[in-house]
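Peer 1: Taken in order, these protein sequences are the chains called A and B.
If you number the first sequence the way this note's numbering does, the last residue is 125 and the count never jumps.
If you number the second sequence the way this note's numbering does, the last residue is 684 and the count never jumps.
In short, the hints are calculated from the structure, not lab data.
What you were told as hints is all true, and nothing was included just to trick you.
A short, non-exhaustive set of chain A residues, derived as facing chain B with CB atoms under 8 Å: (1) 11; (2) 12; (3) 14; (4) 17; (5) 40; (6) 56; (7) 63; (8) 64; (9) 67; (10) 71; (11) 85; (12) 90; (13) 91; (14) 97; (15) 98.
Cβ-Cβ distance ranges computed for the label pairs, FRET-style: (16) 119(A) with 125(B): 41 to 49 Å; (17) 383(B) with 77(A): 51 to 59 Å; (18) 292(B) with 45(A): 20 to 28 Å; (19) 122(A) with 232(B): 45 to 53 Å; (20) 329(B) with 45(A): 55 to 63 Å; (21) 45(A) with 63(B): 31 to 39 Å; (22) 351(B) with 45(A): 29 to 37 Å; (23) 232(B) with 70(A): 29 to 37 Å; (24) 122(A) with 90(B): 54 to 62 Å; (25) 633(B) with 29(A): 52 to 60 Å; (26) 29(A) with 294(B): 27 to 35 Å; (27) 77(A) with 344(B): 51 to 59 Å; (28) 89(B) with 29(A): 48 to 56 Å.
Just so you know, these numbers come straight off a predicted model, no measurement behind them.
Note that the Cβ used here is the ideal one computed from N, Cα and C, for glycine as well.
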Amino acid sequence: MVKKILIAEDSPTMRSLIVSTVSALGDFEIVEAANGFEALRALPREKVDLVITDINMPDINGLELVSFIRNNENYRTTPLFIISTEGSERDREKGLSLGADAYLTKPFSPAHLQALVRQYLGGEA
Amino acid sequence: MADKTSSRAIRDFLAEAEEIIEKLNLDLVVLGEAGASGEVDPELLNGIFRGAHSLKGLSGMFGFDDISRLAHHMENLLDSLRLGKVPLGPVLVEVLFDALEILMRLVHGKGENEEFTLELEPMLARIDAVLGGSPTDKSDILARLQLDPSVLGVLTEYEEHRLIENCRKGRRLLRIRASFSLSSFDQDLAEVTELLKKQGEVISTLPCAGEVADRIGFQLLYGTGATDAEVMTRLGRDDLAVEALGESFTTSAAAPAVVGGSEPTAPPPPLEGSESQDAGSASLRSISRTVRVDIDKLDTLMNVVGELVLAKAQVASVVEKLRSNGDPELAMELQKGIRTLERRLGDLQKGVMEVRMVPIGQLFEKMVRIVRRVSGDHGKKVVTDIRGAETELDKLIMEDLSDPLMHIIRNAIDHGIESPAERESAGKPPTARISLEASQKGNHVVIEVRDDGRGIDIERVRRKAVRQGLIAEGVALSREDAYDLLFMPGFSTRDEVSDLSGRGVGMDVVRSNISALSGMIELDSQLGVGTKVSITLPITLAIIKALIVRVGDKTYAIPINSVLETLMVEPGSIRSIERREVIELRQSTLPLLRLDDLFHLASRSRRDARIFVAVVGLADKKIGIVVDELLGQQDVVIKSLGNVLTFVRGVAGAADLGNQKTILVLDVGGLMNEALRGEASAYV
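Isolated chain B, as found in the complex (with noise of 0.2 Å):
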């Protein structure tokens, strides 16, 4: 089958592959944390279920035997579990994620070269050897049930167990007939599921021809400790007729027996407004209702609107000629039309890019299962809370923000956060806390990372540094020159080497990555109480308003999401603190940067001129931006320079202007922290 499918459909197999993945592995963990509770919902876990076996039917198609050989053993530990077979414990649940994360692995690899394979069988032998537990034979309770043959021939093998279980509970069998309009089925059959869900469990959902031909009818199959007149309150509709079956059962029924001595799977949990029946319509409705696209293709359509973009700066600048000294009037018309076209070309552009935002839970999910793995690693007790997880960003920022994000994570489970012994003699709980937090900010949006371990000591950081000659001995370390001290190539409070984070990626790394993105990392953090990382970015790139401005005879973009606002400032109300220019700004000081200093350009305009001063902002900073002309703003195509000016402080990137100019955008994130850096420039 492999030979004949074409690569296109093996990638739509590996982006569906991926996706069923990363769902398991998100729904493992709360199955994980519910069979500690000892409260398992038969939904999730069913769920779980189809997952793996979807993926092993999937590959086996693509021929990916690797891939479905692994997905077969776990959908087998899966349909144990599912069926009552095995209980719930953290041994399973271990080798459940383990055989993910190889699962995952497999499917990375593949993405990059098909015959990618990994050693499976020491995985494998882990998934039998928790399968070992002895099947149990069911086949004589539902004998004893007496059922009409119509109601048991359409059970699946799960379902029948899950009948097996409501009996044993000593639970009520009811055959629940239904009638529904065609055109509303789903939502009727949705509401009347969620409402019984409430008091028992859904067994199964039999569709039958209905008496008129746009109605269609259903057998709902019920297990309930309630009467029927309970249940029929509860539904409080009269389109429902509801029928006790195998009576005979249920009264013997009362002394269930444990089989085999396998835990049974607990009943579902009677949630108040459970929302598992609409949350699995609305996610089927997503599947029929999206396209998958690749990446790339998006970038090309973005590449074109920006290129149309810089063609409409193009034309208008004939235009703006074309008054001046040919025909205003031809001019004017011209105009128009051009503002008929910017607008269209505006809603173009927003329409692309909202294609290209997804949501952030995506990359906080897979941090959710780097918390669980390193936490687990090092012996720590970890659960992490997420906040904020429908905020959307820009799926290639979002690619290129995962590594710095799984970095601090790192950091903080290795520095931060305390062993569970260390914790309670602190009189902390001895589980610790990650949150992950994003949220909107107009333009930006901002995440952090929180944990409740140990906060940084800016004294240890001092001695570190005064030992790597980073500082004199002697030197007050203000709390921010500390912080600035941890984002120094090579720099670790840390003596030896860790396994987690010390892999040569330091949280200068993180600081520049960060910066590339246009983006600004700080940090704050309380001894003992905590430390916080947050890191504000820009929703989009690609395409950005910038103010341009002159320095010298440069020209250069000032992303306009960061520009507060403009200044003219005399020379004489510049003063000097701590040999920096500030100016004052409303009752407060803003500090300057001069970019012909940091660039060092002849600045035609010198020191007992006039300025013009852009105040940049990003999270709660501000800083004025020195400049010698502001030539207005303007919609630039960020460029991508590659490696080469990465290690050029203070510049974003490049940017097209429409003449075909190419001109240097400003990193405001960068500019800040050089700017806000004060004493520490002494030791740079």
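Isolated chain A (complex conformation) (with noise of 0.2 Å):
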């Protein structure tokens, strides 16, 4: 069974970015959101085994969103990480803390996140 992977991030080359660096461990399906709303109407229609997302998005930010997956009944196991541009501290503290599995700085080292990626999903890259 693919893997699925939601992707939230509202700038079209970055998400590409993060869709290619994904792409490159093997054979996901993944599911773009250019903002957090198509993230939120993406969730219950697919069923994803993991979320990457960013905070700075125009209509809900990511630390809602990270909070909304972990209170559903439905989500809140399903592994998820947050890429952000390197910021306040204390939105990567509040991130994690509302139980994001990892948090990466932009610009993000490909092979970090695909260390993570292979480490929640198991690849066969």
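Starting from two chains that each stand alone, build the complex the way the hints lay out.
Peer 2: Quick look at the structure:
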């Protein structure tokens, strides 16, 4: 069964970078969301195995998305990474305390992201 | 990372970066104006912050450390600004504009060569100097709020700041719970948010699991001066629950302590019909639904369509032969097929054309920046008006229009607009106005640049022309002749070479650039009141319908969109006014232009023979082009002549006819200038 990854990121270029980094690991089905609302809508529709989200998005922020996921029966245990531009230490702490499994800062290291994905999803690569 | 990413990814990055910077520039204009009036929309400021933030992250991924570094410094400054740590003032806005300018130069430079870079230290130092303000610690205020950790835990640092600002203003904090259907929650939410914004500020939007599977809940954190009942009435829906938060704080918040002397940003202006939320979701939709395409690819596609159109014409001519000396029945059948092909080809052509169309607003935005910078350099105060930004134009025409338009605007600021003092003594407001307006007229787009400056002084133009030996002393100069002189190479009414417009490019180049686009430029001015420059351009080039005409043994194409009608004229009806041939056309006088004279051709039909006239018009001018024969209408594919023939007056380019024959396409705008020049031809 092919694993599904939801990527919520509003910058199309950044999104495609994350997609290509993750896809290099193996055969995943990628669900792209250009903002928080698209992510909210995709969650119940797609049964995703991993969520990767940005913090600064125009509608709801990534922290709110994390809180939503962690407080929802259906996704409580879904692995979740935040990738955000290095910024407030507070945002980082909050993200992790809300239950994000990892917090990467942009520019992120592709190897680091790949290692995390492998750790949480196991990967063919 | 950079070595792993393909050049295509880098191009995508540069395009996105350019988009972000252009958007930032525009927003910054609004921010600057809002700053002056003291009403700053926190959403606008936050949007600007996010722009710099994205740029930093993106450029870092591509290893463009210089862009990333500058964007990082800007982001710091903007972060402090949105968190109220530094006050918004003209110096800060200026610094941001200059930083954006450098960012844009970096992005453009890297488009040419990835190694391109610029000296950043002075700019970074300026940003840091503005940043020098002392940060304020707000954690004590947050602590006093005594909010539920589930509320505070999901707020970003910025949202925390907005929360504090709301409390400082003595607003009450409300938690509004709502539950929407999963299929339409974004519209519902936008609707509710829009209503709420009229009386306060939505600080955060927290989604939560709905009680039913196909619903989703939201908790809005809302700061308002209104009572619960007022909020409920305004919302007018019963699927919402309102609950007051941190009641203990709101009573003591009436005496706000502004810390560190920094000016907190103002609350969101309670704009009627504020559309920021709508605009936000609209632009988001476009992000996920658009594809970025290299213009070269579109060109290739367009060329293919062009070749197809020509191939169709070839087949059609074979059918014609088949009909007359072969198998008429087969010809009929083939003709049917061709007609279908023609229609579909038309659709295809239209589709490709539409893809090439971009709103002229993009170009106008650039011009607003130029106005800002140039007027600042010159100590003049200028505001810019934009109208018709949604008017669409072929991307390539747009690119080629950029330089001429920029020059016209520089000219307006340099020559046209007076200093604030001079304006006041002339009884004008000290701030001048430049308006940019675009509108579509049939197959053409008209762009008008208007200023309310001093206008063109005909007498001064005349004196200068005499001094330069262009006209003889004592020659009277009509308004049109004077304007024409302004388009002469090397002509400038300024004696000293200006730093602004005197860069070796004159209005002559502007005119030839516009002509190269098959367009026309006109001046209109009133002394002391202002000047208007109108540019009329075809919406698109590439494939055009043309009227094919013969003069002597030469064939020419006249773009059909400028042909108003064709006439057959008896030699007797041609009259001569001031040594120029004219005919009467429905109670008005139509000047004639003989192509055989202009191109020094031997025309077979001489002056006593019946002639054909193609009446062409651009803007509100008309002339009749005299030809020997009208050969019919045809689609032609415009090919660039390169630089070879750019000096030839009256020729816009070359075109391919279906039969492998290349013909010249007439430049109607240029020909009209030629014909309407009148007296002016005496000194050319």
